[in-house]
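Novice: Could you put the whole structure together from the sequences, leaning on the hints where they help?
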Amino acid sequence: MTTYAIEAEGLQKSFGETKALAGVDLFAKPGTVHAVLGPNGAGKTTSVRILATLIRADAGSARIGGYDVVKQAERVRATIGLTGQYASVDEDLTGLENMELIGRLLDLSKRDARARAAELLEWFDLTEAAKRPAKTYSGGMRRRLDLAASLVGRPSVIFLDEPTTGLDPAKREDMWGVVRQLVGEGSTVLLTTQYLEEADALADEVTVIDRGRVIAHDTPLGLKRVVGGQTLTVQPADPARLADAAALLQQVSGSKAESPRQGVVAVPVKDDSALTETVARLHAAGIGVHELSLHLPSLDEVFFTLVGRRAGDDKPAGGGAHADPDDGEGSGNGDGDRNASASAPLTV
Amino acid sequence: MTTATTTANPLAGAAGAGKPFTLIRHSAALAKRSLLKTMRTPEALIDVTLQPVIFLLLFTYVFGGAIAGSQSAYLRYLLPGILAQTIAMSATAIGVNMNTDISKGVFDRFRSLPIARSAPLVGAVLADFVRYALVAVITLGVGYAMGFRIATDPLRAGAGLLVAATFALALSWVSVFIGMLARTPGAVQGFMFLLVLPLSFGSSTFVQANTLPGWLQAFVNVNPITHLAGLSRSLFLGGPVAGHFFWTAGWIIGLTAVFMPLALRAYGRKV
Ligand SMILES: Nc1ncnc2c1ncn2[C@@H]1O[C@H](COP(=O)(O)OP(=O)(O)O)[C@@H](O)[C@H]1O
Ligand SMILES: [Mg+2]
Numbered sequence: 001m002t003t004y005a006i007e008a009e010g011l012q013k014s015f016g017e018t019k020a021l022a023g024v025d026l027f028a029k030p031g032t033v034h035a036v037l038g039p040n041g042a043g044k045t046t047s048v049r050i051l052a053t054l055i056r057a058d059a060g061s062a063r064i065g066g067y068d069v070v071k072q073a074e075r076v077r078a079t080i081g082l083t084g085q086y087a088s089v090d091e092d093l094t095g096l097e098n099m100e101l102i103g104r105l106l107d108l109s110k111r112d113a114r115a116r117a118a119e120l121l122e123w124f125d126l127t128e129a130a131k132r133p134a135k136t137y138s139g140g141m142r143r144r145l146d147l148a149a150s151l152v153g154r155p156s157v158i159f160l161d162e163p164t165t166g167l168d169p170a171k172r173e174d175m176w177g178v179v180r181q182l183v184g185e186g187s188t189v190l191l192t193t194q195y196l197e198e199a200d201a202l203a204d205e206v207t208v209i210d211r212g213r214v215i216a217h218d219t220p221l222g223l224k225r226v227v228g229g230q231t232l233t234v235q236p237a238d239p240a241r242l243a244d245a246a247a248l249l250q251q252v253s254g255s256k257a258e259s260p261r262q263g264v265v266a267v268p269v270k271d272d273s274a275l276t277e278t279v280a281r282l283h284a285a286g287i288g289v290h291e292l293s294l295h296l297p298s299l300d301e302v303f304f305t306l307v308g309r310r311a312g313d314d315k316p317a318g319g320g321a322h323a324d325p326d327d328g329e330g331s332g333n334g335d336g337d338r339n340a341s342a343s344a345p346l347t348v
Numbered sequence: 349m350t351t352a353t354t355t356a357n358p359l360a361g362a363a364g365a366g367k368p369f370t371l372i373r374h375s376a377a378l379a380k381r382s383l384l385k386t387m388r389t390p391e392a393l394i395d396v397t398l399q400p401v402i403f404l405l406l407f408t409y410v411f412g413g414a415i416a417g418s419q420s421a422y423l424r425y426l427l428p429g430i431l432a433q434t435i436a437m438s439a440t441a442i443g444v445n446m447n448t449d450i451s452k453g454v455f456d457r458f459r460s461l462p463i464a465r466s467a468p469l470v471g472a473v474l475a476d477f478v479r480y481a482l483v484a485v486i487t488l489g490v491g492y493a494m495g496f497r498i499a500t501d502p503l504r505a506g507a508g509l510l511v512a513a514t515f516a517l518a519l520s521w522v523s524v525f526i527g528m529l530a531r532t533p534g535a536v537q538g539f540m541f542l543l544v545l546p547l548s549f550g551s552s553t554f555v556q557a558n559t560l561p562g563w564l565q566a567f568v569n570v571n572p573i574t575h576l577a578g579l580s581r582s583l584f585l586g587g588p589v590a591g592h593f594f595w596t597a598g599w600i601i602g603l604t605a606v607f608m609p610l611a612l613r614a615y616g617r618k619v
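So the protein lines, in turn, are chains L and X. Quick note on numbering: the numbering used here labels position 218 of the first sequence as 218, and the sequence is numbered without any gaps. To convert, count from 1 in the second sequence and add 348; that's the numbering used here.
Honestly, the hints are just simulated from the structure, not real lab data.
16 Å max Cα-Cα, derived EDC-like pairs, lysine to aspartate or glutamate:
#1 X:Lys-380 x L:Glu-97
#2 L:Lys-29 x L:Glu-185
#3 X:Lys-385 x L:Glu-91
#4 L:Lys-19 x L:Asp-58
#5 L:Lys-131 x L:Glu-119
#6 L:Lys-224 x L:Asp-204
#7 L:Lys-256 x L:Asp-244
#8 X:Lys-452 x L:Glu-91
#9 L:Lys-224 x L:Glu-205
#10 X:Lys-618 x X:Asp-456
#11 X:Lys-385 x L:Glu-97
#12 L:Lys-29 x L:Asp-204
Which residues of chain L face chain X? A partial, calculated answer using Cβ under 7 Å:
#13 Ala-52
#14 Leu-54
#15 Leu-82
#16 Gly-84
#17 Tyr-86
#18 Asp-90
#19 Arg-104
Cβ atoms here follow ideal geometry from the backbone N, Cα and C, with glycine treated the same way.
Specialist: Here is the structure:
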């Protein structure tokens with residue numbers, strides 16, 4: 001009956017005074033990649049830990065493959081693989097021992113545990129390091145070992161908490177390849193990220209969260225439509241030609257060019273074709289460039305569009321789109337309430 | 349779809365439910381891991397191997413003559429006590445180890461697997477029993493080389509070791525409880541050290557209680573280590589058993605009754 005591999009409704013979680021989650025809904029269809037996009041402290045890790053049965057939500061419910069994460073935690077654990085934000089490998093054990101231990105705990109025979117370990121170590125390029133204690137591994141190797149460990153049981157639902165944060169671009173591409181392969185084999189992947197680019201590259205659907213709330217749920221395409229597609233940035237080799245470059249970009253895109261930093265001009269563009277046209281026109285105008293790039297908006301820019309403030313900032317920027325509905329109420333009503341509550345102690 | 353409900357009781361893991369062998373297998377795998385770690389960590393290995401040997405050599409050859417008149421007489425007195433005490437004290441490490449696993453995230457990995465929630469705890473206890481056996485073999489081996497002989501029989505000597513291991517298990521609950529509460533492994537270590545140091549030296553392990561000043565004797569006479577060492581001596585060498593046995597059993601029951609529920613509850617919250 002279940003159509004979702006991951007479904008969560010109204011998740012709430014507080015740590016003392018901190019409200020980490022204030023009602024988060026998440027839905028992911030089987031065999032898809034679902035990205036949870038949000039800045040530091042948004043509640044990504046807390047959401048993942050609730051879904052992976054590591055902590056309990058204060059309110060709300062969640063099911064993985066139809067199993068309730070609280071009432072059927074064991075079933076959930078048999079279904080999932082978890083790679084946390086920080087590697088959870090045993091540093092005193094070798095890569096192989098780490099992997100074999102997981103295999104044994106998943107009831108593989110000694111021989112099968114070893115074979116599965118070897119297979120995964122090979123896939124993650126750790127065969128040579130397999131007999132070394134994990135404490136001698138680099139950060140990237142530890143991460144790969146951690147991911148490999150979460151795949152021993154061939155989980156059908158995989159959680160990856162910021163799998164590429166801190167990786168260099170080449171390693172990031174490798175990780176993306178891994179995610180694509182896992183989904184190609186039929187798994188459902190929920191990954192958290194701080195990069196719209198990553199969500200765009202991998203995800204079928206994206207949930208954007210901020211301060212424990214969902215602020216958008218869409219496909220990457222839909223999300224890009226909302227936040228205005230891509231940005232084309234040009235840095236002329238000769239700073240004196242900045243104005244020419246700006247005028248040129250304006251012609252190509254139809255929008256006014258802005259200067260995000262010294263010596264650089266940028267415009268929002270709808271699609272890739274603007275890039276080729278810009279190259280041709282720059283060439284024709286004889287403007288040499290140091291930098292010419294087409295990129296998706298950063299998380300910062302996404303947030304600015306969606307909630308009218310920078311990611312992580314507490315205050316709305318210049319009275320933007322984000323407005324607390326209660327703030328719009330007439331002040332008379334509010335005053336009345338305040339008076340009522342102020343007088344309450346006297347009447348008690 | 350069937351239900352596999354988990355309860356608040358950490359010892360009722362659903363994966364192992366109805367399949368006790370599964371729990372034993374998982375715990376054994378985790379115990380093996382724990383022992384591998386001990387082998388690779390010099391400090392941990394020294395605790396169970398070198399420390400009792402150093403104590404034996406140091407006290408016998410340096411203080412033995414002064415304390416008991418002759419080194420061989422002192423060795424007879426000392427060895428059963430050192431053995432029991434070392435086994436008991438090695439229980440303090442379990443809380444440190446579990447705290448380390450939690451703070452390093454290794455526990456999260458275990459908890460995301462479909463194993464009984466008790467498996468990591470049972471595994472740690474199993475590994476401890478292997479360590480106790482190692483302590484016994486090494487201490488007795490060195491003791492024999494130095495001239496110590498069991499004067500009773502292997503059965504009673506074995507019973508002595510079993511009582512020490514049982515006391516160690518009771519003390520483990522204190523260690524696990526602290527291990528679940530403290531923020532860092534270092535804090536657990538520090539607390540357990542403060543707890544264990546007076547128990548260890550304020551006991552009859554090294555000197556007879558009647559050689560001590562009166563105020564100290566009062567402490568020594570209720571200290572569980574005194575009675576554990578005394579019981580061990582009687583079981584290895586002969587002598588009255590009952591008094592020490594009741595004291596030791598009382599402490600084991602008391603520690604277990606108070607700290608096992610506390611430790612399990614704290615563990616259940618973390619697992
Ligand atoms: N164990 C914890 N104790 C106290 N506060 C926590 C704990 N875990 C998370 N938080 C707080 O909850 C909020 C959300 O954290 P987290 O889910 O880790 O965000 P993200 O993974 O998106 O960076 C943050 O304000 C964080 O400080
Ligand atoms: Mg996080």
